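K.L.:
Take a look at the letters that make up each chain.
There are 2 protein chains.
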Amino acid sequence: MYHSNILNVQKTRKLIDDIKIAVETEIIDLYDGNSRVLAQEIMVMIDVPPFNRSAMDGYAVIANDVSTASESNPKYLKVIDEVGAGSISNHHLKFGEAIQIATGAQMPSGADAIIMEEDVESSKGKIKVVSPVSYNNDVALLGEDLKKGEVILSEGQILGPHHLSVIASAGYKEIAVYKKPQIGVIITGNELVEPSIDIKPGMIINSNKYALNGVIKDSKAVSYIEQCQDNREKLRDSVTEAVKKYDAVITTGGTAISKGDLIVGIIEELGEVPVHGVSMKPGKPFGFGIINETPVFMLSGYPVAVAVQYDMFVRNFILKLQNINKEINMITAIAGENVRSSPDKYNVIRADFKEDDGVVYPIRTKAGINKSVLMSNCYIIVEEGVGKIKKGEECSILKYSSLKVC
Amino acid sequence: MYHSNILNVQKTRKLIDDIKIAVETEIIDLYDGNSRVLAQEIMVMIDVPPFNRSAMDGYAVIANDVSTASESNPKYLKVIDEVGAGSISNHHLKFGEAIQIATGAQMPSGADAIIMEEDVESSKGKIKVVSPVSYNNDVALLGEDLKKGEVILSEGQILGPHHLSVIASAGYKEIAVYKKPQIGVIITGNELVEPSIDIKPGMIINSNKYALNGVIKDSKAVSYIEQCQDNREKLRDSVTEAVKKYDAVITTGGTAISKGDLIVGIIEELGEVPVHGVSMKPGKPFGFGIINETPVFMLSGYPVAVAVQYDMFVRNFILKLQNINKEINMITAIAGENVRSSPDKYNVIRADFKEDDGVVYPIRTKAGINKSVLMSNCYIIVEEGVGKIKKGEECSILKYSSLKVC
Numbered sequence: 017m018y019h020s021n022i023l024n025v026q027k028t029r030k031l032i033d034d035i036k037i038a039v040e041t042e043i044i045d046l047y048d049g050n051s052r053v054l055a056q057e058i059m060v061m062i063d064v065p066p067f068n069r070s071a072m073d074g075y076a077v078i079a080n081d082v083s084t085a086s087e088s089n090p091k092y093l094k095v096i097d098e099v100g101a102g103s104i105s106n107h108h109l110k111f112g113e114a115i116q117i118a119t120g121a122q123m124p125s126g127a128d129a130i131i132m133e134e135d136v137e138s139s140k141g142k143i144k145v146v147s148p149v150s151y152n153n154d155v156a157l158l159g160e161d162l163k164k165g166e167v168i169l170s171e172g173q174i175l176g177p178h179h180l181s182v183i184a185s186a187g188y189k190e191i192a193v194y195k196k197p198q199i200g201v202i203i204t205g206n207e208l209v210e211p212s213i214d215i216k217p218g219m220i221i222n223s224n225k226y227a228l229n230g231v232i233k234d235s236k237a238v239s240y241i242e243q244c245q246d247n248r249e250k251l252r253d254s255v256t257e258a259v260k261k262y263d264a265v266i267t268t269g270g271t272a273i274s275k276g277d278l279i280v281g282i283i284e285e286l287g288e289v290p291v292h293g294v295s296m297k298p299g300k301p302f303g304f305g306i307i308n309e310t311p312v313f314m315l316s317g318y319p320v321a322v323a324v325q326y327d328m329f330v331r332n333f334i335l336k337l338q339n340i341n342k343e344i345n346m347i348t349a350i351a352g353e354n355v356r357s358s359p360d361k362y363n364v365i366r367a368d369f370k371e372d373d374g375v376v377y378p379i380r381t382k383a384g385i386n387k388s389v390l391m392s393n394c395y396i397i398v399e400e401g402v403g404k405i406k407k408g409e410e411c412s413i414l415k416y417s418s419l420k421v422c
Numbered sequence: 017m018y019h020s021n022i023l024n025v026q027k028t029r030k031l032i033d034d035i036k037i038a039v040e041t042e043i044i045d046l047y048d049g050n051s052r053v054l055a056q057e058i059m060v061m062i063d064v065p066p067f068n069r070s071a072m073d074g075y076a077v078i079a080n081d082v083s084t085a086s087e088s089n090p091k092y093l094k095v096i097d098e099v100g101a102g103s104i105s106n107h108h109l110k111f112g113e114a115i116q117i118a119t120g121a122q123m124p125s126g127a128d129a130i131i132m133e134e135d136v137e138s139s140k141g142k143i144k145v146v147s148p149v150s151y152n153n154d155v156a157l158l159g160e161d162l163k164k165g166e167v168i169l170s171e172g173q174i175l176g177p178h179h180l181s182v183i184a185s186a187g188y189k190e191i192a193v194y195k196k197p198q199i200g201v202i203i204t205g206n207e208l209v210e211p212s213i214d215i216k217p218g219m220i221i222n223s224n225k226y227a228l229n230g231v232i233k234d235s236k237a238v239s240y241i242e243q244c245q246d247n248r249e250k251l252r253d254s255v256t257e258a259v260k261k262y263d264a265v266i267t268t269g270g271t272a273i274s275k276g277d278l279i280v281g282i283i284e285e286l287g288e289v290p291v292h293g294v295s296m297k298p299g300k301p302f303g304f305g306i307i308n309e310t311p312v313f314m315l316s317g318y319p320v321a322v323a324v325q326y327d328m329f330v331r332n333f334i335l336k337l338q339n340i341n342k343e344i345n346m347i348t349a350i351a352g353e354n355v356r357s358s359p360d361k362y363n364v365i366r367a368d369f370k371e372d373d374g375v376v377y378p379i380r381t382k383a384g385i386n387k388s389v390l391m392s393n394c395y396i397i398v399e400e401g402v403g404k405i406k407k408g409e410e411c412s413i414l415k416y417s418s419l420k421v422c
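Chains as they are written, first to last, in our numbering: chain A, 17 to 422; chain B, 17 to 422.
In short, the hints are calculated from the structure, not lab data.
For clarity, every value in this text was computed on a predicted model and none was experimentally measured.
Ideal Cβ placement from N, Cα and C applies to all residues, glycine included.
Misleading hints may appear alongside valid ones.
To be verified - Keeping only pairs whose Cα atoms sit at most 30 angstroms apart, straight-line, the calculated DSSO-like set for lysine-lysine is:
(1) B:Lys233 with A:Lys189
(2) A:Lys336 with A:Lys297
(3) A:Lys336 with B:Lys236
(4) B:Lys216 with A:Lys336
(5) B:Lys144 with A:Lys382
(6) B:Lys196 with B:Lys236
(7) B:Lys94 with B:Lys110
Unchecked claim - Here are a few chain B residues that sit away from chain A, every Cβ distance over 10 angstroms (derived from the structure):
(8) Val95
(9) Gly102
(10) Val231
(11) Ser295
Isolated chain A (complex conformation) (with noise of 0.2 angstroms):
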């Protein structure tokens, strides 16, 4: 009889996660790098702003001539010059003299303080000041945003826009990045036909292909989705070339425990499968396989088991893939409704979390109905030995949204 190696849910997940990854970078436009996974350190390369420069329109002045400026004791500067942005006047200021100056101007040689626009009365060359001006008033200093050599983020960052507007100022143009991982998927079944409202006696949507492309790009991956029927040498065929082309491969269907089904003896026979059998609901039919060093995670055919398979065992792995940790972090809720699971088993049970009262309620649908993961927003886990949990008591729950990494 065929003997299969079920192991517990915390075991599987410590030999996947005790695979050796080597991750792997490459060198992007910074323009290209939005949610992307930084694989550098960043460290400024020139002082922002790289020089002092005015941080309103205005008049660049010498503060000593205006720092006993009030309306009783009004001064009068002589207006030499005019500068914008990304001009320089070639003027160095001298006492009595001012300089027009827009936002974002280089400080004119001589100048230590600005004066806004609004604060003073201009006529025939020159601007009458009435309040008092102190040392660097509105100069944005050389340095003050970033600091040259100044280490500002480290590799493993997950970038968002602001990121980028931040590395660009501290020079960079380029960047490196973690590869996005390339996750090969084949899907079994010859009971499973393309959507559409006539499908022929007996045959079945293949609704995985969608979901599994969602969750693997959602997973900052790239996926490469092929189906093959249940053909022991096509599929051997289609097992050998994805494990040498990709950095790690998902099969669906044939992971039956009872027997060894067809996928998990395939990878048997090119490989070694240290998991076949799970002790979770659902989604005991798991297999896990390395094949020269690629991992095959063997999912299930049923939409909902390779739901909570990929959930549970593979996205974090292809986090991993590109240098992204994450834990799967639990809450603590309290059950709105006693919650019925197997005591020796790793319960996924579908369920409705209520964030204003931390209440959670099971959905109570059979394991086959698929909408149920869109009836819910949570998890509850419920580990082994637990057992039924009683409504009001506390239990742990997984939120859908903490899987994503956006």
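Got chain A sorted already, so can you dock chain B onto it with the hints?
P.N.:
Below, chain B alone, put in the same frame as chain A:
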């Protein structure tokens, strides 16, 4: 003297909200639907499953044959056929018979229950059943997942992987989604150069380009960014072209309030500028214009102001262009330090919110410190007339994470 239309934040939002929007839709392959916005109702087109099918690997039987089976009263059935997923048995099951069946295979005619493989002993073409099996045991019934005619999703739904899976099952190969808004961005400023460690005196790296490209992508829209010299003719040509081509236009720079600044003057010439200046800090020099029904958002040149202006006024408009209606949702936190604010302005203060204890700390930096956006995870919002908030008092915050749409 130049007269600008300074409004408060509320009036500015109302004015932008009142812009009439014509959302556009397109038909795409379901496979490309991840993270798109559904523009149709999804009414289930076929029952799922489309036939009664086996939920287990095992034997299809007539429940009445084995409803009283027990160890002391075993029942024997003759195995007359074997059926895999995607195939159909030609036999009509009669009393005393069983058909071996795979998970997902259509129930043979006459059969009304499944016995799991593990629960029988099989030898010489017969199975021995020693526990009772009831009607419809382990049978997935026609329509139990999705019922033909049932409406499962409405327009406006942002599609995730599992929506796609269920839509596939409902029979759809193509779906209508909202078109991604096309957003033109014109960056002005003669002082702006590409990132480099070797920049000429007076020049500044153009970081807004990178931030805006990112935030527009994160708003599920497509950005077309150009840089334009501060030259009246060139800028007018760019704006004239852009408002023809794009659903909305964003400009940066040239929005000073004290005078009719370059971009504002041009937009006023080509259309109207109902807002120039918002009593907000930072980000006061914000302009909003309309040219032939195309909105033009005039943002500052300063990156911090650009971030705040985008968050306050632009994102939700771009989302509405694809029928995503998102509120700006604030929550209450406790000030961990005194929060300084201008009582005559709507204050948007970068801050660090500690989720665990609900306390928020304002980031103390000058307005021009761009990296403060990275050091913060929320804004403290202090509306007009409120003034200083003391340490320990409640304040409203807007988490950056709550701005995301993914």
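K.L.:
So, for every hint listed, does it hold in this structure?
P.N.:
For each hint, the structure was consulted:
1. B:Lys233 with A:Lys189: At roughly 19 angstroms apart (the allowed maximum being 30 angstroms), lysine 189 (chain A) and lysine 233 (chain B) satisfy the hint.
2. A:Lys336 with A:Lys297: Holds - the C-alpha atoms of lysine 297 (chain A) and lysine 336 (chain A) are around 25 angstroms apart, at most 30 angstroms.
3. A:Lys336 with B:Lys236: 26 angstroms, holds
4. B:Lys216 with A:Lys336: The given pair, whose Cα atoms are some 41 angstroms apart, is violated under the 30 angstroms limit.
5. B:Lys144 with A:Lys382: Roughly 28 angstroms between the alpha carbons, so the hint for lysine 144 (chain B) and lysine 382 (chain A) holds.
6. B:Lys196 with B:Lys236: Distance of about 6 angstroms is within 30 angstroms: holds.
7. B:Lys94 with B:Lys110: Roughly 10 angstroms separates the two Cα atoms, so the pair holds.
8. Val95: 16 angstroms, holds
9. Gly102: The assertion about glycine 102 (chain B) is violated, with a minimum of 3 angstroms to chain A.
10. Val231: 4 angstroms, violated
11. Ser295: 15 angstroms, holds
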